[in-house]
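Here is how the chains run, residue by residue.
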Amino acid sequence: MTAHPSIPDLIARRKPGHNLQADFYTRPDIFEADMAAIFWRHWIYVGVEPDVPEAGDVFVVDIGRASVLIVRDDDEEIRAFHNVCRHRGSRLVNEQKAVVGNIVCRYHAWTYGLDGALLFADHMGEDFDKSCRGLKPVHLRSVAGLLFVCLADDPPTDIDAMAAAMTPYLAPHDLPNTKIAKSVEVIEHGNWKMTMENNRECYHCGGNHPELNVPLFAYGFGFSPKTLDEAEAAQARRYENLVTDAHARWEAAGAPSREINHLSDRVTAFRTERLPIDQAGESQTLDTRVACKKLLGRIKDPAMGGLSFWTQPNSWHHFMSDHIVTFSVIPVAAEATLLRTRWLVHKDAVEGVDYDLDNLTRVWEATNRQDAELVEVAQTGLRSPAYEPGPYSPYTEGMVNDITGWYLDRLAANLDPVDA
Amino acid sequence: MTAHPSIPDLIARRKPGHNLQADFYTRPDIFEADMAAIFWRHWIYVGVEPDVPEAGDVFVVDIGRASVLIVRDDDEEIRAFHNVCRHRGSRLVNEQKAVVGNIVCRYHAWTYGLDGALLFADHMGEDFDKSCRGLKPVHLRSVAGLLFVCLADDPPTDIDAMAAAMTPYLAPHDLPNTKIAKSVEVIEHGNWKMTMENNRECYHCGGNHPELNVPLFAYGFGFSPKTLDEAEAAQARRYENLVTDAHARWEAAGAPSREINHLSDRVTAFRTERLPIDQAGESQTLDTRVACKKLLGRIKDPAMGGLSFWTQPNSWHHFMSDHIVTFSVIPVAAEATLLRTRWLVHKDAVEGVDYDLDNLTRVWEATNRQDAELVEVAQTGLRSPAYEPGPYSPYTEGMVNDITGWYLDRLAANLDPVDA
Amino acid sequence: MTAHPSIPDLIARRKPGHNLQADFYTRPDIFEADMAAIFWRHWIYVGVEPDVPEAGDVFVVDIGRASVLIVRDDDEEIRAFHNVCRHRGSRLVNEQKAVVGNIVCRYHAWTYGLDGALLFADHMGEDFDKSCRGLKPVHLRSVAGLLFVCLADDPPTDIDAMAAAMTPYLAPHDLPNTKIAKSVEVIEHGNWKMTMENNRECYHCGGNHPELNVPLFAYGFGFSPKTLDEAEAAQARRYENLVTDAHARWEAAGAPSREINHLSDRVTAFRTERLPIDQAGESQTLDTRVACKKLLGRIKDPAMGGLSFWTQPNSWHHFMSDHIVTFSVIPVAAEATLLRTRWLVHKDAVEGVDYDLDNLTRVWEATNRQDAELVEVAQTGLRSPAYEPGPYSPYTEGMVNDITGWYLDRLAANLDPVDA
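Chains P, X and D, in that order, are what the protein sequence lines are.
Going by the working numbering, the first sequence opens with residue 1, and the numbers climb by one from there.
Going by the working numbering, the second sequence opens with residue 1, and the numbers climb by one from there.
Going by the working numbering, the third sequence opens with residue 1, and the numbers climb by one from there.
Derived from the structure by calculation, the hints contain no laboratory data.
Each hint should be verified, as a subset may be incorrect.
If you anchor each label on the Cβ, the simulated ranges turn out as follows [stated by the list, open to error]: (1) X:E185 to P:D158: 47 to 57 Å; (2) X:Q96 to P:D358: 28 to 38 Å; (3) D:R369 to X:A412: 28 to 38 Å; (4) D:R237 to P:I187: 26 to 36 Å; (5) X:D129 to D:R13: 56 to 66 Å; (6) P:E32 to X:E185: 29 to 39 Å.
Heads up, the beta-carbon is just placed ideally off N, CA and C, and yes, glycines get one too.
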C-alpha cells in the first residue's frame with residue numbers, strides 16, 4: 001500500500017499546467033529532499049540589514065535543521081556562519097537576537113570572534129590547531145538591504161544578475177536606512193509550496209481578502225477576457241491605461257517600474273513590477289493613504305504605487321513610498337511552514353507620532369490570517385486518496401505554474417544520486 | 001534490530017486461536033495497509049439517516065486521510081462524495097455538519113451541485129470541460145437507516161445479502177424516523193482492532209462494567225461449563241429457557257429475534273440476535289426501564305429486549321423499544337481510534353418531557369469510558385518486546401477470534417502487490 | 001538526500017578521540033538499535049532496594065517499550081518480571097508504585113503470584129496449562145542495594161566482578177537500610193548518550209554549575225598542565241597530596257577509596273573513586289556540611305568525602321557519610337531521555353528533625369536543571385548539516401571517550417544480522 005513512487009518518477013509523471021501530486025506536499029522524505037536540494041543549495045531570503053543594525057548584533061535564522069548566525073562585525077560588515085560549535089556541536093546562540101562582543105559557546109567556553117575565528121579553547125593540548133576550528137562560513141548577499149544566504153559551497157552565480165537588475169528598483173526606498181516596526185511569525189499548517197503557490201495568484205483574493213481588496217485593483221492579477229461584459233471590459237482597458245501612464249510617470253521621476261520576469265528561466269529566479277494602488281493610491285493600508293508620515297529615502301511623492309518583488313523559492317516584498325512589507329517563508333516540516341513578515345519604516349520615524357502601528361500592519365495581518373486558513377484547508381484536502389491534480393487557470397495561475405515548474409527543475413538538478 | 005517481518009509473513013505465522021502479533025497494533029505501515037485494504041475497500045458504517053434529516057444537510061466523515069461528504073439532495077436522496085475540490089484539492093466542507101444550497105469551495109469559488117456536478121468555475125478558459133470535473137462519488141447504502149459507505153470502485157456485493165437479512169430485524173425500530181439525542185466522540189489510545197476486539201467479548205464485563213452489568217445477563221456472553229457449581233448451572237439453564245421463550249414471543253409479535261451469524265464467512269460480515277434484558281427487562285438503562293416514553297416505530301411492548309447488530313470491521317448497535325445506541329469505529333493512527341456513539345430516540349420525543357438525557361446515556365457513557373481505559377492498558381502492554389500472543393478462551397472469546405480471522409483474510413485478499 | 005549510512009559504516013568511520021557523528025544522536029532506527037543492543041542486553045541500573053521496602057511492594061520501570069515489574073516477594077526476595085499479561089498482553093501494573101497481594105490483570109482477572117506463577121484464569125477450558133503461562137522473568141541483581149536488571153536471556157556474567165569489587169566500597173554506606181527522601185524525574189531533550197557524555201566530564205562545570213562548584217575541587221576533573229601558572233601549579237600539587245592523604249586515612253578507617261577503572265575494558269563497565277570534598281569537606285551541599293544528622297550505616301566521621309560510582313551505560317552515584325544521590329538514565333526516544341534522581345538518607349532519619357529536604361537536594365536539583373539545558377543546546381546544535389565531530393580534550397574528556405568507545409564496541413557486538 002505504501003510503495004511510494006520515487007522522486008524522479010513523480011517529476012516525470014507531472015502533468016503540465018496542473019497542480020503537483022500530493023506526495024510533494026506530504027511526504028517527509030520529499031521534505032528532506034526539498035531542504036537539501038532547494039533550501040540548502042539556492043539563495044534564500046532570510047531578513048534585512050536592519051535585523052542587525054549595530055556592530056555586535058546577531059540574528060539567528062534556522063533553515064530546517066541548519067541554523068545560521070547573521071552577525072554585524074566591528075567593521076560594519078554583515079557576515080553569516082553556521083550556528084554550531086566546532087567542539088561538541090552545541091548551538092552557539094540560542095535566542096533569535098543577541099548582542100555580543102565575541103561568540104562564546106556556553107558549554108565549554110570556546111570563544112569565536114565576529115569574523116568566525118576561534119580565539120580561545122581551554123585544555124585542548126599542544127597539538128590542537130585553533131586555525132582549523134573557526135566557525136564554518138555561510139555565503140551572504142545583501143540586495144539593496146535584503147539579505148540572502150546560500151548554504152552551498154558553490155552558490156548559484158546569477159545572484160549577480162538579480163542584484164544588478166533589482167538594485168535600481170529597490171534603491172529609492174533606501175531599505176538600509178529603515179527600521180523594523182513590527183515582525184510577526186506565523187506557522188501555517190501546510191507544505192511550504194502551498195504557502196508559496198497561494199502567494200502566486202490572486203484568483204482567491206476576491207472571496208477571501210476583504211482588507212487587501214481595498215488597495216488592490218481587481219484587474220491587476222489576471223482574468224478570463226471572454227467572461228467580461230462590456231462594462232467590465234471597459235474597466236479592464238482603463239486599468240491597463242492606468243498602469244502604462246503610472247509607469248511613465250514613475251520612471252520619469254527616477255523610479256524604475258516596468259515588469260522584469262525571470263521566474264521560470266533563472267536559477268536565482270525573480271519577478272518585479274511597480275503597480276498602482278486603488279482609491280487614494282498611496283499605500284497598502286485600509287484607507288490607501290500612507291501609514292507613515294516620514295517617506296522612505298528621498299521619495300517626495302506618496303503615490304509611488306507598490307513595487308512588488310517575488311523570488312523563488314521563498315519570498316515576496318512590497319515597497320511603497322512610506323513603508324516596506326517583506327515576507328520570508330521557511331519550511332518547518334512536510335506539513336508546517338514558517339511565514340515571517342516584517343514591516344519597515346524610515347529609521348527616524350517615531351511610533352505614535354509618524355505612524356500608528358495598527359494602521360501600518362492591519363491589511364497584511366488580516367491577509368496573512370486568511371491565507372494561513374486557506375493553506376490549511378488546501379493541505380488537508382489533498383491528503384485524500386481521492387485527490388488528483390487539477391488544472392491551473394491559464395489567466396490567473398501563471399505564477400503558480402512558474403514556481404511549480406521551477407521547483408521540479410531545480411529538484412531534478414540537485415537530487416542526490418541515491419534519490420535520482 | 002528493526003527488520004520488520006512482511007505483512008504476508010506475519011499473516012502466515014499467526015497462531016490460530018491466539019491474539020494477533022503486536023506488529024498489527026503498532027506498525028504505521030500496517031495501519032496504512034489496514035486503511036487501504038480494509039477501510040477503503042469494504043462497507044464502513046459511518047452514520048444514520050438522521051445525520052442529514054433535511055435537503056441541503058451535509059455531514060462530513062473522515063476515514064483516515066479520506067474525507068467523505070454525505071449530502072441529502074433536494075430530491076431527498078442521500079448521496080456521498082469525496083470532500084475534495086477538483087481544482088487544487090481543497091477540502092470543501094471543513095465543519096462536521098453544514099447546511100448548503102450548493103457546495104462552494106472557499107478557495108476559488110468552484111461551485112458544485114448537491115448531485116456533485118461542477119456548476120461554476122471562473123477564469124478557466126474555453127478548453128475547460130466542466131463535465132469532467134464533478135465531485136468524485138462514493139458508494140453509499142442505507143440499511144434500514146444505517147449508512148454504510150464504500151470507497152472502492154467495486155464494492156463488495158454481499159451488502160445486498162446483509163441488507164435483505166437485517167431489514168426485517170431493524171425495521172420495527174423505524175430508525176429513519178428517529179433523531180439524534182446525543183452524539184459523542186472519544187479518541188481511544190489504541191489500534192482500531194483493539195477497540196473492536198474489546199467490543200467482541202464480555203469476558204471483561206464482570207470486573208469492569210458495573211453499569212452495563214445491570215441490564216446485561218451474566219450468562220449471555222459465554223462461560224466455561226466445567227467451572228459452574230450446581231446452583232450456577234441451574235441459573236445458566238434458566239437463562240437459556242428465557243431466551244428461547246423471549247424469541248418465540250417477540251417473533252410472534254412480528255419482531256425477528258433469532259441469531260444470524262455471518263461474522264466469519266462473508267466479506268460484508270455481520271451477526272445479529274435479539275437478547276433479553278435483566279431486571280425490569282426493558283432497556284439498557286440503570287433501572288432497566290425505558291428511558292424514553294415515546295416508543296419507536298409501531299412498538300407497543302416496552303420489553304422488546306435489545307436487538308444487537310455487529311458488523312465487520314467497524315460497528316455495533318443496540319436497538320431497544322425506546323431508543324437505539326449505535327457505534328462507529330474509525331482508525332485515526334496506528335495507536336489512536338475514534339469511537340463515535342449516537343443515541344437515537346423517536347423524532348417527536350421531547351427532551352425533559354419524554355426522556356432525560358442523562359438517564360438515556362448513562363450506561364454507555366460509563367461503559368465507553370471504562371472500555372477506553374482497557375483499550376489503552378492493553379495497547380500499552382503489547383508494545384513490550386516480551387509480549388507474545390496468548391490463547392483466546394474457547395467459551396468467551398469466539399467473536400474476537402471471528403474478527404481477527406476475518407481481518408487477516410480480508411487483508412491478505414486486498415494487499416497491494418508490493419506488500420504481498 | 002536521505003540515504004543514511006548503515007550502522008556498521010558509521011562505526012567504522014568514527015574518528016577516534018572525536019565526538020560521535022550526529023546520526024547516533026538523532027536517527028530513530030539507531031535509537032531502536034540502542035535499545036535492542038545496549039539497553040536490552042546489558043545490566044541497566046533501575047533503582048534501589050528501598051524502592052520496594054516491604055513484601056508486596058511493586059515498582060514499575062520502563063526501558064523503552066519494555067516494562068519491568070520489580071517486586072518484593074513474601075519471602076523478602078526481590079524479583080523482576082515483564083509487566084505484560086500472558087493472555088492478551090495488557091500492562092499489568094499501570095502505576096509506578098503499588099502494593100499488592102497477587103498481581104491481578106484488570107482486563108480479564110488473570111491472577112499471578114509474586115513469584116510470577118499464574119494462579120487463576122477463568123473460562124480457559126481443559127487443555128489450558130497454567131504452568132506455561134507464568135510471568136516472564138527478568139534477571140535482577142542487587143549490588144549492595146543498587147538494583148540492576150538485564151532483559152537478555154544470557155546476561156553478561158562480569159556483573160559478578162563488578163559486584164565483588166564494588167561491595168566493599170559501597171557497604172559502609174548501608175544502602176539497604178536507607179529510605180528515599182526524594183525522587184525526581186526530568187525529561188532531557190536530547191539523546192541518552194548526550195546525557196551520559198555530559199555526566200562524564202567536568203570541563204563544563206566551571207561556567208555552568210555554581211552550586212556544584214562549592215563542594216567540588218576544580219582540579220579534581222582534569223586540566224591542561226601547560227596552561228597553569230606557578231600559583232595554579234602549586235594548587236594542583238596540593239590537591240594531589242590531599243587526595244593521597246585522604247585515601248590513606250579513609251582506607252585505614254575501613255572505607256576503600258582508591259580508583260578502580262574498568263570503564264572501557266569490561267562489558268559490565270564501571271569506575272569508582274572516593275574523592276575529597278572542598279571547604280568543610282563533608283557532603284555535596286551548599287555549605288559542604290552533612291545534610292542529615294543521622295549518618296549512614298556505622299559511619300562516625302562526617303568527612304568521608306564522596307564515593308563516586310559510574311557505570312556504563314546508564315548510571316552514576318555519589319555516596320557520602322550522610323546521604324546518597326543516585327542517577328538512572330533511561331532513553332525515551334532518539335531525542336528525549338529520562339533522568340531519575342533519588343536522594344537516600346538513613347531509614348530512621350526524620351524530615352524536619354534530622355534533615356531539611358531543600359538543603360539535602362539543592363545542589364543536585366540545580367545541577368540537573370543546568371545539565372538539562374546544556375544537553376538540549378548540544379542536541380539542537382548537532383542536528384545541523386554543518387556539524388562535524390570535534391576533538392575531545394585529552395585532559396578533561398577521557399571518560400567521554402570511554403563511554404563513546406564502549407558504546408560503539410557493544411553496539412557492534414550486538415547488532416542484529418540485518419543491521420550488521
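Looking back at the hints listed earlier, which ones does the structure fail to meet? 3 and 4
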